[in-house]
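Work out the full structure: start from the sequences and follow the hints.
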Amino acid sequence: MRKMLFVLPLLVFAGVLFAQSGGVTSEENSGSFVQSLTAEDARNDAGGGIDLTWTVAADAALPDSMVLERSCDGEDWAPVCTLAPIDGRKTDGELENGLEYSYRIVPWSGGTAGEPSVLAAAVPIKQWINSGRVGMLIILTIISLVIFYYIEQGKRGKDLYIRRIAGLTAVEDAVGRATEMGRPVLYIPGIMDMDDIQTIASMVILGRVAMKTAEYGSPLLVPTCRSVVMSVAQEIVKESYLQVGRPDAYQRESINYITDDQFGYAAGVDGIMVRQKPAAIFMLGTFYAESLILAETGRSVGAIQIAGTAMPSQIPFFIAACDYTLIGEELFAASAYLSKEPKLLGSLRGQDAAKLFFMVVIVIGVLTATLGEAWAPAAKVAEFLKTITSVE
Amino acid sequence: MILQFFVPATQSMGESLQEWYMIVASFAIFLGSVNLLYVHTHRIRFKGRNWKYSPVTIIGFAAMIITGLVFGIEQGKPFDYMFTQMMVPMGATMFSLLAFFVASAAFRAFRASNWRATLLLISAFVVMLGRVPIGAMIWGRIPLISEWIMQVPNLAGQRAVMIGAAMGMVATSLRMIFGIERSYLGGAD
Amino acid sequence: MSTFIEKLGNIDRRVIFVVMALAVIIPLAVRLSLPIPIDEGPSKDMYDAVDALPPGSTVLLSFDYDPSTMPELQPMAIALVQQLMTKDIKIVSLALWPMGVSLGNEALSYVSDSLGREEYVDWVNLGYKTGGGVLIVRMGSDIKSVFPEDYNGVPVDDIPVMDQINILGDFDMIISLSAGDPGIPAWVMMAGDRYDISIGGGCTAVSAPQFYPYLGTGQMVGLLGGLKGAADYETMVRIGVDDPPAGTATPGMAAQSVAHLVIMLFIVLGNISYLANKKRKGGVK
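Chains as they are written, first to last, in my numbering: chain A, 10 to 401; chain B, 921 to 1109; chain C, 59 to 343.
These are calculated hints, taken from the structure and not from any lab test. A virtual CB, placed ideally from N, CA and C, is assigned to each residue, including glycine. Honestly, I wouldn't trust all of these hints.
[Stated by the list, open to error] Straight-line distance between alpha carbons at most 25 Å, and here's what the computed SDA-like set of lysine to any residue pairs gives:
1. C:Lys102 - C:Lys339
2. A:Lys395 - A:Leu376
3. A:Lys286 - B:Val976
4. C:Lys187 - C:Asp215
5. A:Lys395 - B:Gln924
6. A:Lys99 - B:Ala929
7. C:Lys102 - B:Val976
[To be verified] Pair by pair, the computed Cβ-Cβ distance ranges are:
8. C:Glu176 - B:Gln1071: 38 to 46 Å
9. C:Leu173 - A:Asp85: 44 to 52 Å
10. C:Tyr168 - A:Asp85: 30 to 38 Å
11. A:Leu365 - C:Glu176: 56 to 64 Å
12. A:Pro386 - B:Gln1071: 37 to 45 Å
13. A:Gln285 - C:Lys102: 46 to 54 Å
14. B:Ser1043 - C:Glu98: 16 to 24 Å
Encoded structure:
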């Protein structure tokens, strides 16, 4: 019986979807210039909107204009706007939810009002679920549940395998190299702000790298392109140094803001590389065209370079110019890889499982879309998959 | 914001949050400016490493701010003049460095060490020729083959990286929303 | 001989830089000109999509780039504005990047003056606002609250071009000229997918491959990629026009052609050295 409890939320969900309809009226009239007028509650909005659609007679004399009128009681009519004398649609907004509004269109010619169209009425209501995005909600829920399932597996101590990622394994070696050579470590967290997920992932790795530099006693330089990123980086590095027991070694000035300008930042960082000659350079985050400028300059000063980004257009440049490159999701796997924390490893496993789910959906979609050219049931399956994976 | 995407009734709440975001993002520029001035004045004061570059930075910063605030930023004003005659050429210069770096990186990295690298090399040659008029002059089909490479293998690879990265972003975001990942906040795990 | 072949694989990068510089400067200096063939592709799709708009349509043009990418994007901006204004399509422009405002103003003013178009009647520049994707979503429900005034401080309610424009859905097309983020992906996701509006774009050559998935799914109607895309568009816009204005992308294609050939030459030299060394080491056991 308890297993059947999941039906309850489904019934509520279906009920909410069904109850979201605000009523539709549609009439036709062959006498007026306006042949038909339809009013319905605007779909998937926060309320207060009614969608109007009208058609006009194709062979009748064109009026000068048409006026859309609205009434709450069917007697007092107020003009809403002027319309061109062609078929059209419009959304009337800022209405009161739950109140029925009636509409009509009045054609005007030579200053005289013609025969108004039939009336159409609707009630605006707010929708609680966007019906065009239900498929995406279901998919997101499935993905989240899979990820949480594997996180639970990780918490329970299940052994979760993660393949070797060369770039992340080389982090300690890179910092060690810098210590031996007596040169600083340069960490570049990308050029985007903290609202970018790659920057957040980069900050996570910065924390780990900062712990290593604190342990080894290497100077750490973190030039940033955004002021908020600078503040976050300062806090992360300070905390890392505290955790390792080296708060005295933390230097706030070594984490500084350069400029928001993309190539101004690249010029500034290039200057740091050429003057300070870091032995290890980490470039992790979002990069654009400046990626190759930074990577080539870093190579010219003889530094070992570990780069990582999820920007598809910049990955080839990093691969060509850097010693190690984290491609796409390897950047997001870094926190789990470096910490080896079971919860994080579990989420990584869940992410892979979700990807497998998408791969299966893609293969089924491609096969059914191809077969659908000759076999109708396959076309229906393909159409269904397209509907649930589309977003309105 | 996630709620607003799926629940239209929460749109006004989402719009308020968006306005707050825009306000906070605008203020962030002050934070950066203050830090910039602090770092460089500190460097000048204590004759830090490479301190001689710092006055240049501060003078440039001050010049743009003062001229912009005093004379305005319309066309023909000093701010606009400095922007078009200094910023624009300098930005274009930095971007143009890419041409040289692409040449040196390509020379160093493109080696036919195995069949995959050879395939990559041939594709690179075809696309490089297809993207310029000379390709069509050499053989009329080169632009078509180049376009096919862009629209089929390249598109497949781009989609794969995009989907993989998107999955990584979803998982990372879920970890952060539910507090499983907190290290980016600067606190202990 | 073997030393020479070894040296081929270790050419000093400064030599490469000098040769590249000459490969770009000489064609520009001698004004080398090459014919630009127009083939089916994203550039042609973009041109056809704009050409299909009826006169009187309104297009939103977003200048999402800065001076560093101006050499690639400004020529396509000018060519696009030329086509739009020639077809009597109204332009509402804005920028998601701070420096895009003045670059956009430059392109719009230049073409508007040459074609005798009037600001506020045929085009308007709303200016820059911070926010990126968040801004686009806000504009989806109310543009005038996001941009109450234009770039020059004129209230938007007093601007004739903005008479029928209240939300993003009122535009017939949105075109983003973008050099990064925020840019084309933000417009596609926040405007194209949410409000079902045609999205076209122009971008730097290095970013173009990553937008092909959007072209493949129909989320974008066309794409101008780099200087080649700009040159294609300049050529298409000039067809049938008496005394067309000179563009800057077309002359650049000759220089780019020579530069590509030089890069290919260096790659070939590097591989000759590599393969010769590999053979030599394979022979000496």
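Quick rundown of the hints versus the structure:
1. C:Lys102 - C:Lys339: Distance of about 51 Å is beyond 25 Å: violated.
2. A:Lys395 - A:Leu376: Measuring from Cα to Cα gives roughly 13 Å; hence the hint holds.
3. A:Lys286 - B:Val976: Between Lys286 of chain A and Val976 of chain B the Cα gap is close to 22 Å, so the pair holds against 25 Å.
4. C:Lys187 - C:Asp215: Roughly 18 Å separates the two Cα atoms, so the pair holds.
5. A:Lys395 - B:Gln924: It holds: about 23 Å lies between the C-alpha atoms, which stays within 25 Å.
6. A:Lys99 - B:Ala929: The hint holds at about 21 Å.
7. C:Lys102 - B:Val976: Violated: Lys102 of chain C and Val976 of chain B sit about 47 Å apart, past 25 Å.
8. C:Glu176 - B:Gln1071: 38 to 46 Å: Taking Cβ atoms as reference, Glu176 of chain C and Gln1071 of chain B lie about 41 Å apart, which means the hint holds.
9. C:Leu173 - A:Asp85: 44 to 52 Å: This hint holds: roughly 49 Å between Cβ atoms.
10. C:Tyr168 - A:Asp85: 30 to 38 Å: violated, 53 Å
11. A:Leu365 - C:Glu176: 56 to 64 Å: Cβ of Leu365 of chain A to Cβ of Glu176 of chain C: about 58 Å, so the range 56 to 64 Å holds.
12. A:Pro386 - B:Gln1071: 37 to 45 Å: violated, 30 Å
13. A:Gln285 - C:Lys102: 46 to 54 Å: holds, 49 Å
14. B:Ser1043 - C:Glu98: 16 to 24 Å: Because 20 Å falls inside the window, the suggested range holds.
Comparing the model with each earlier hint shows violations of hints 1, 7, 10, 12; every other hint is respected.
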